[in-house]
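Make the full structure from the sequences, and use the hints.
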Amino acid sequence: MNIPLILFTLLIFPGLIFSFTASLALEYLFRKAVARMQRRMGPSYTGPLGILQPFADFFKLVREKELVVTRYSMPRLAEALLVLGFSSLVVSALYLPLNPYRVVAPFDFFIYIYLCCLVAPLSLILASLSMPGPYTALGVARMLTFITLCEPAYFTSLLIPVVLTRQDGLSYSIYATSTSAYVFWLNPWTLPLMALALVSSLVTLQAKAMLNPFNIPDAEQEIIAGFETEFSGPLLGLARLLHDVDFYVTALSIVYLIMGGPYPYQHSSPQGLLLLAGKFAFVFLASAFIRASTGRLRVEQALSVLGKYSLAPATIGLILATIYTLT
Amino acid sequence: MVLTASTIQLDVYHAVVFSAIELLVLAITVYLCYIGLRSKKVRYTGVYLSGEGEEVVSELTPSVGGLYWAFIRQYARRIYKLIFERVQTGSLSDWFYYISSWLGLLVLLSVILSLLYLFAR
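The listed protein sequences correspond, in order, to chains D and F. Residue numbers for the first sequence, in the numbering used here: 114 to 440. Residue numbers for the second sequence, in the numbering used here: 56 to 176.
Do not rely on the hints blindly, as some may be mistaken.
Said to hold, decoys possible - Lysine-lysine pairs mimicking DSSO-like chemistry, simulated, CA-CA at most 30 angstroms apart: (1) D:K145 - D:K392; (2) D:K421 - F:K136; (3) F:K95 - D:K173; (4) F:K96 - D:K173; (5) F:K95 - D:K178; (6) D:K421 - D:K392; (7) D:K145 - D:K173; (8) F:K96 - D:K178; (9) D:K178 - D:K145.
If you're looking for bench data, these hints aren't it; they were derived computationally from the structure. Please read all numbers here as calculations on a predicted model, not as lab measurements.
Quick look at the structure:
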């Protein structure tokens, strides 16, 4: 085991520094794309074309703004939990084939899901509850309601290509699935299943990132900022960073596990890089389009939409994928 | 599939331990960076309750029971309606029929499973 290389992947690429930079850059692109779709300017002043705006926001919140606490708050616990959530998302991203020194294990898909769908949301929920308030409690209650549908839907949609992948000694492996996913798009029998997985995962991406029409847990005008109401200064900076990294890792997982990443080409080849960038742009623009063109749904409407367009197609796809692998 | 030299192949148990160590190292690193970066300014305030003081509510956060009933009433309406209509009719005999049929089913299941266990052993 090459320890310096492991530390490099963990701390630099595609770990800490890359994930931090990529997620904030993605926030800029997302805000700019949504603004353009709505005939607005978007971030324009900080850095060339406003590209440094999310970085300026983050460092201003963390370095300059004051932390507002009450006698019931536990800000140190909230900080530790947000750091844990951020770290779990970065470590989960190391399982994706973007990592040049990757860990491959049978059933590593479940480690990814555990880190991405359990540790990260629970950290955010517990961090919110560490800074209590009536709006926070309401926001957390909404988030918990959402998570009961959204996370199983995300898990099920990613499970479709994982179940379809049959490789000796590497069952339920992220790497094996990513390298085989493009084959399922070319096979007329598995193409509809992959389409179901893609539709379901795109809907889930909006819900996981709490973007329109699923921006209910932090619904402004209704419950102030929901679970983020009591966050301020450095804590708010961390919470926003966690949100950005969550969006980045979820989008990346869809690109690799469902859309097949750069394969059949390698990451280092121009075709591979182009394919990877194109697929990522597709996921990102689809999300921005939904965000820009929809309004907020009520809680029960959102749950119904999630059930119809995310959980139901993913479940049907998974059942059909299981039948296909058994025959 | 070709596993290259830049791939660590582990079994799932070692992968869990490996990820846990990575998570720990990264969390400590991020926390130290954050401590070094963060603002030291802290302001203490009262709890924000739409401009009201803290005395307007008995508890600052909802009780566990309150959260449970809010979830059941708002988001699991069908279950709530079923329980409300079938069990809480106000008639003791309805409740007795419901609970006796349910307990009867459980007793029947336990008898069948015990017999199956005895014969299958």
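Hints versus structure:
| no. | hint | verdict |
| --- | --- | --- |
| 1 | D:K145 - D:K392 | holds, 19 angstroms |
| 2 | D:K421 - F:K136 | holds, 22 angstroms |
| 3 | F:K95 - D:K173 | holds, 13 angstroms |
| 4 | F:K96 - D:K173 | holds, 13 angstroms |
| 5 | F:K95 - D:K178 | holds, 9 angstroms |
| 6 | D:K421 - D:K392 | holds, 25 angstroms |
| 7 | D:K145 - D:K173 | holds, 20 angstroms |
| 8 | F:K96 - D:K178 | holds, 7 angstroms |
| 9 | D:K178 - D:K145 | holds, 25 angstroms |
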